[in-house]
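*Asks:* Residue strings, one per chain:
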Amino acid sequence: MIDQSFDQIFTTFEEISNNFKRTNQYFDILYDSLSAVFINKTPFSEDISAVTKTSGIVARTFDGTWKEIALDDFSNLNIIVEKLPKVVNKGEEIAEFEGWKLNKELKTKINPKDIPIEEKLKKIRDISDFIQKYDKRIVMCQIKYYETEITRIFVNNEGSQLRQVIPRLRLFIMPIVKEGMTIDFDYSVIEGEVGFEILDELTDTKLEQIANNSLDMLKAKIPPAGKFTVIVDPGMGGTIAHESFGHGLEADQVLRGRSYLKDKLNKKVASEVCVICDVPDMGNQLGSYFFDDEGIKAGKNVLVEHGILKNFIYDRKSASLLNTTPQGNGRRESYAHVVQPRMSNTYFEPGDYDIEEMISEIKEGVMCNHSYFGMEDPIGGGMQCTSKKGYLIENGEKTKILKSIALSGYVLDVLENIDAISNDATTLHGGTCGKGHADKVPVSDGGSYIRIKEVLISPG
Amino acid sequence: MSNEKLDLIEKSIKSKNINEYEIFLVEGKAYESIFLKDKIDNERDISNFEYILRILSQKENETGIGLVRGNSLDPKEIERNINTCILIAKNNLSSKFFFPGEASFPDVSILDKEVIQDPVDIKNNLAEELISEIKQYKEIQSTFGRFRVHINEISLRNSNSLDVSALKTYFFIEFSLKAQQKGKLSEFWPYLFIKERNHLNFSKRVEKWVRLAQDSLIAKVPKPNNNATVIFSPRVLKNALNPVIGAHASGRAHHQKLSRFNIDDEVASDNITMFDDGLLDGGFRTNKWDSEGSPRQRTEIIKNGIFQKRLYDQKFALIANLRSTGNGVRTLTGIVDNGITNFEILPGSMNFDEIISEIHEGYFIEQFSDLTPSKLSGAFGAEIRNGYYIKNGKFENPIKLGNVSGNVLKMIRDCQYISKEREYFENTLFPYMVFNNLTVSS
Numbered sequence: 001m002i003d004q005s006f007d008q009i010f011t012t013f014e015e016i017s018n019n020f021k022r023t024n025q026y027f028d029i030l031y032d033s034l035s036a037v038f039i040n041k042t043p044f045s046e047d048i049s050a051v052t053k054t055s056g057i058v059a060r061t062f063d064g065t066w067k068e069i070a071l072d073d074f075s076n077l078n079i080i081v082e083k084l085p086k087v088v089n090k091g092e093e094i095a096e097f098e099g100w101k102l103n104k105e106l107k108t109k110i111n112p113k114d115i116p117i118e119e120k121l122k123k124i125r126d127i128s129d130f131i132q133k134y135d136k137r138i139v140m141c142q143i144k145y146y147e148t149e150i151t152r153i154f155v156n157n158e159g160s161q162l163r164q165v166i167p168r169l170r171l172f173i174m175p176i177v178k179e180g181m182t183i184d185f186d187y188s189v190i191e192g193e194v195g196f197e198i199l200d201e202l203t204d205t206k207l208e209q210i211a212n213n214s215l216d217m218l219k220a221k222i223p224p225a226g227k228f229t230v231i232v233d234p235g236m237g238g239t240i241a242h243e244s245f246g247h248g249l250e251a252d253q254v255l256r257g258r259s260y261l262k263d264k265l266n267k268k269v270a271s272e273v274c275v276i277c278d279v280p281d282m283g284n285q286l287g288s289y290f291f292d293d294e295g296i297k298a299g300k301n302v303l304v305e306h307g308i309l310k311n312f313i314y315d316r317k318s319a320s321l322l323n324t325t326p327q328g329n330g331r332r333e334s335y336a337h338v339v340q341p342r343m344s345n346t347y348f349e350p351g352d353y354d355i356e357e358m359i360s361e362i363k364e365g366v367m368c369n370h371s372y373f374g375m376e377d378p379i380g381g382g383m384q385c386t387s388k389k390g391y392l393i394e395n396g397e398k399t400k401i402l403k404s405i406a407l408s409g410y411v412l413d414v415l416e417n418i419d420a421i422s423n424d425a426t427t428l429h430g431g432t433c434g435k436g437h438a439d440k441v442p443v444s445d446g447g448s449y450i451r452i453k454e455v456l457i458s459p460g
Numbered sequence: 461m462s463n464e465k466l467d468l469i470e471k472s473i474k475s476k477n478i479n480e481y482e483i484f485l486v487e488g489k490a491y492e493s494i495f496l497k498d499k500i501d502n503e504r505d506i507s508n509f510e511y512i513l514r515i516l517s518q519k520e521n522e523t524g525i526g527l528v529r530g531n532s533l534d535p536k537e538i539e540r541n542i543n544t545c546i547l548i549a550k551n552n553l554s555s556k557f558f559f560p561g562e563a564s565f566p567d568v569s570i571l572d573k574e575v576i577q578d579p580v581d582i583k584n585n586l587a588e589e590l591i592s593e594i595k596q597y598k599e600i601q602s603t604f605g606r607f608r609v610h611i612n613e614i615s616l617r618n619s620n621s622l623d624v625s626a627l628k629t630y631f632f633i634e635f636s637l638k639a640q641q642k643g644k645l646s647e648f649w650p651y652l653f654i655k656e657r658n659h660l661n662f663s664k665r666v667e668k669w670v671r672l673a674q675d676s677l678i679a680k681v682p683k684p685n686n687n688a689t690v691i692f693s694p695r696v697l698k699n700a701l702n703p704v705i706g707a708h709a710s711g712r713a714h715h716q717k718l719s720r721f722n723i724d725d726e727v728a729s730d731n732i733t734m735f736d737d738g739l740l741d742g743g744f745r746t747n748k749w750d751s752e753g754s755p756r757q758r759t760e761i762i763k764n765g766i767f768q769k770r771l772y773d774q775k776f777a778l779i780a781n782l783r784s785t786g787n788g789v790r791t792l793t794g795i796v797d798n799g800i801t802n803f804e805i806l807p808g809s810m811n812f813d814e815i816i817s818e819i820h821e822g823y824f825i826e827q828f829s830d831l832t833p834s835k836l837s838g839a840f841g842a843e844i845r846n847g848y849y850i851k852n853g854k855f856e857n858p859i860k861l862g863n864v865s866g867n868v869l870k871m872i873r874d875c876q877y878i879s880k881e882r883e884y885f886e887n888t889l890f891p892y893m894v895f896n897n898l899t900v901s902s
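Residue numbers (our numbering), protein chains in the order written: chain A, 1 to 460; chain B, 461 to 902.
I should point out that these hints are in silico values taken from the structure, not numbers from a laboratory.
Please note that the accuracy of each hint is not assured.
Straight-line distance between alpha carbons at most 25 Å, and here's what the computed BS3-like set of lysine-lysine pairs gives [to be verified]: (1) Lys41(A) x Lys717(B); (2) Lys21(A) x Lys297(A); (3) Lys465(B) x Lys536(B); (4) Lys262(A) x Lys598(B); (5) Lys41(A) x Lys476(B); (6) Lys536(B) x Lys474(B); (7) Lys474(B) x Lys595(B); (8) Lys598(B) x Lys440(A); (9) Lys851(B) x Lys668(B); (10) Lys120(A) x Lys556(B); (11) Lys109(A) x Lys120(A); (12) Lys497(B) x Lys67(A); (13) Lys41(A) x Lys556(B); (14) Lys53(A) x Lys683(B); (15) Lys53(A) x Lys489(B); (16) Lys262(A) x Lys595(B); (17) Lys104(A) x Lys300(A); (18) Lys262(A) x Lys556(B); (19) Lys870(B) x Lys219(A); (20) Lys870(B) x Lys264(A); (21) Lys476(B) x Lys595(B); (22) Lys221(A) x Lys717(B); (23) Lys440(A) x Lys489(B); (24) Lys453(A) x Lys683(B); (25) Lys67(A) x Lys489(B).
Which chain A residues stay away from chain B? Per the calculated CB distances, all over 10 Å, these [claimed, not checked]: (26) Ile48; (27) Ser55; (28) Phe97; (29) Ile127; (30) Ile190; (31) Asn311; (32) Asn323.
Bear in mind that the values here come from a model prediction, so they are computed numbers and not experimental data.
Don't be surprised by glycine CBs; every beta carbon is placed ideally from N, CA and C.
Generate the whole structure from the sequences, applying the supplied hints.
*Replies:* Structure (structure tokens):
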């Protein structure tokens, strides 16, 4: 691909877009570019991978169905006009929004691109050495550093002309510990739409805590199986909000007749202590952006308000068909992936309980910490979330540390059984979300501590 | 076309007097139909191109490995990529490394010539065939689906005179089939890559999907059992075994002292014989050579329960002073990982129905919500999405929800039966297997 400036790209895209009249059909075109540095460090190996830039373009139109062409070569753009169909009087099938203009680069305090590779390596080697030397039972500390900068340039035949540059950084630290035949680990992640300054958070005290969290896993017991009162930490609560509930709210599932929440709008779906939001316009979180991949401005979507389902999560087409206003949730993993309604930053709003009070009221229960993964069941309303570790709660106190815990059941039962949410400030945790098993986009989720009665857990 | 691109990049590398380099190049095309219910909603043509450069900087006892990914053939961008690669190689500290050289490669075919000739037509015809098959079943509805044809041209050239290329074709299917009765909904939601056109077998596949969707409608929550006998389907086995056995059988895990497998140790029941087969006919990861140009091969990992051989990429083979087993697998970051190719388990002596008839009480799992065992410890816990409760040698009722938990490393030591029947599932050819002493909770 021959490089063009963003001004040139705007001009080229507008020329292409002019071939498709809005009254006849909706058309948009997106430029997607990625630069990245990835470092994977263990005491046994050090892998570094850089992307100076990879880029591509995707264009599509709606003539009753979507037709889409994705390509990686600017010299070949004429095939967009040649191959995409020209039709008449299909423009109203996708609701029209007023075109708008934006050209915005998210600035971080220290742009990782300004840090030489040797300095990045030194920082990571120092962290690795510190943790590795902390305790001889730490047999391997794995560190993954991933910085990306994504540029998206969008033009459509409604007059939108948009550009955003979003930097993201993630650092994952996993000290693996071994004693006798027991091997285990805990992990820590710092991340966000932030710069290299975030690594300053990793003080010696913080690194000791990360090492100790893994060492504690050597004492971890196998969790009990059965129904218990469970407190989930903000990360695990976020996974419930996102994987188990949020995916069922993606409006393409409604159009497909595949959402168990389809007929629940304005009905009670959760305990009244629950307020769940999805907010792409939320500064510096991993799932934030200024506009989505369909040129819709990022907004705020209150999904559940005091237990009542208020909104679904829309892309342009589902919002058109369901006659509502999208909040900027039409997302692509890259130019080579399809647009779908996707979550961004999804979280439970804080409640009014003190976490200590929540624990003290439990005679026999479990706390789940450190969300590990989850999986959606949009039609059946089932859920599976797994935490890396947890704690037994006995007579109002956190006691033994537990190994990985799987939590499952019907989402609506779980949400109805929430009886307390802590008053801690909302904490969000970043990650990558797939729809099913593909199309991965950066997201975050979280909240504060949540207490759920009578929920099924088992060893994870 | 790929040769011209390789020449262009190589010329630029040689102009900088770089002695050790590798160019890995992928040109991909994909053609997709996305369905809303049973109607096409989106038709997509996707072209993507990427090259990955590796440049070595030899040091006294170590090698610096630079790696850069890019897709621009603008001479300035190529030069920027090479300079970045040199800078990384200068700063990186890896174990002593060099690229593989020329070799004789086994003869395997990984392309469907008809797909190459007319991919759009093939995609449209197959998608229509699949939808027609689904429409025959009035008792279920398709809610959405995706069908894709892929063509990848992969080329590899290095400074040791290795110059190879391969054309590969494959398919992707994702469909959700919904059953409903009196306001109650259920589905079966398959998603998988399939290498061979003759493995698509829509008729048999859809018949099974429909049965699973309908049975899920009347599924019960399973009874808890702390000492359960559980049958894993080939799909479930892939998710259970590949990450755990793949990790513990790797040269990497051995070097890191994290492997639980020692050569000649008993690691599984004596009825288990397992291969990593990079040449498996119909295997999703089959190719003549691996991601860094080492010949692929068939490696016996476990024979009658005894651990036989480790799997090596070039890096960990050099550390162990051995030859690569062709297990260099390119990850999304472009880095070569010591991974698996295709796993195969030899069939057992009983057919599936005979095995079921032998089980007094047990659980058959067709699909979990998400089975992600810990690679290191082997521990897992997963929610049942589609399964059956077995009583007195028969399927008693479908089951859903409830969790199965256990440990893969322990489970493979307690395998009671292996079926004669085997199925391809992506990069596996696995039978149905029966494991004892697992926990079912509900």
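*Asks:* Each hint needs a verdict: does it hold in this structure or not?
*Replies:* Structure-based check of each hint:
no.: 1; hint: Lys41(A) x Lys717(B); verdict: holds (16 Å)
no.: 2; hint: Lys21(A) x Lys297(A); verdict: holds (22 Å)
no.: 3; hint: Lys465(B) x Lys536(B); verdict: holds (15 Å)
no.: 4; hint: Lys262(A) x Lys598(B); verdict: holds (22 Å)
no.: 5; hint: Lys41(A) x Lys476(B); verdict: violated (29 Å)
no.: 6; hint: Lys536(B) x Lys474(B); verdict: holds (15 Å)
no.: 7; hint: Lys474(B) x Lys595(B); verdict: violated (58 Å)
no.: 8; hint: Lys598(B) x Lys440(A); verdict: violated (34 Å)
no.: 9; hint: Lys851(B) x Lys668(B); verdict: holds (21 Å)
no.: 10; hint: Lys120(A) x Lys556(B); verdict: holds (22 Å)
no.: 11; hint: Lys109(A) x Lys120(A); verdict: holds (16 Å)
no.: 12; hint: Lys497(B) x Lys67(A); verdict: holds (17 Å)
no.: 13; hint: Lys41(A) x Lys556(B); verdict: holds (16 Å)
no.: 14; hint: Lys53(A) x Lys683(B); verdict: violated (54 Å)
no.: 15; hint: Lys53(A) x Lys489(B); verdict: holds (20 Å)
no.: 16; hint: Lys262(A) x Lys595(B); verdict: holds (24 Å)
no.: 17; hint: Lys104(A) x Lys300(A); verdict: holds (19 Å)
no.: 18; hint: Lys262(A) x Lys556(B); verdict: violated (59 Å)
no.: 19; hint: Lys870(B) x Lys219(A); verdict: holds (20 Å)
no.: 20; hint: Lys870(B) x Lys264(A); verdict: violated (44 Å)
no.: 21; hint: Lys476(B) x Lys595(B); verdict: violated (61 Å)
no.: 22; hint: Lys221(A) x Lys717(B); verdict: holds (24 Å)
no.: 23; hint: Lys440(A) x Lys489(B); verdict: holds (19 Å)
no.: 24; hint: Lys453(A) x Lys683(B); verdict: holds (21 Å)
no.: 25; hint: Lys67(A) x Lys489(B); verdict: holds (16 Å)
no.: 26; hint: Ile48; verdict: violated (5 Å)
no.: 27; hint: Ser55; verdict: violated (7 Å)
no.: 28; hint: Phe97; verdict: holds (20 Å)
no.: 29; hint: Ile127; verdict: holds (16 Å)
no.: 30; hint: Ile190; verdict: holds (19 Å)
no.: 31; hint: Asn311; verdict: holds (21 Å)
no.: 32; hint: Asn323; verdict: holds (18 Å)
Checked against the numbered hints listed earlier, the structure breaks hints 5, 7, 8, 14, 18, 20, 21, 26 and 27; every other hint is satisfied.
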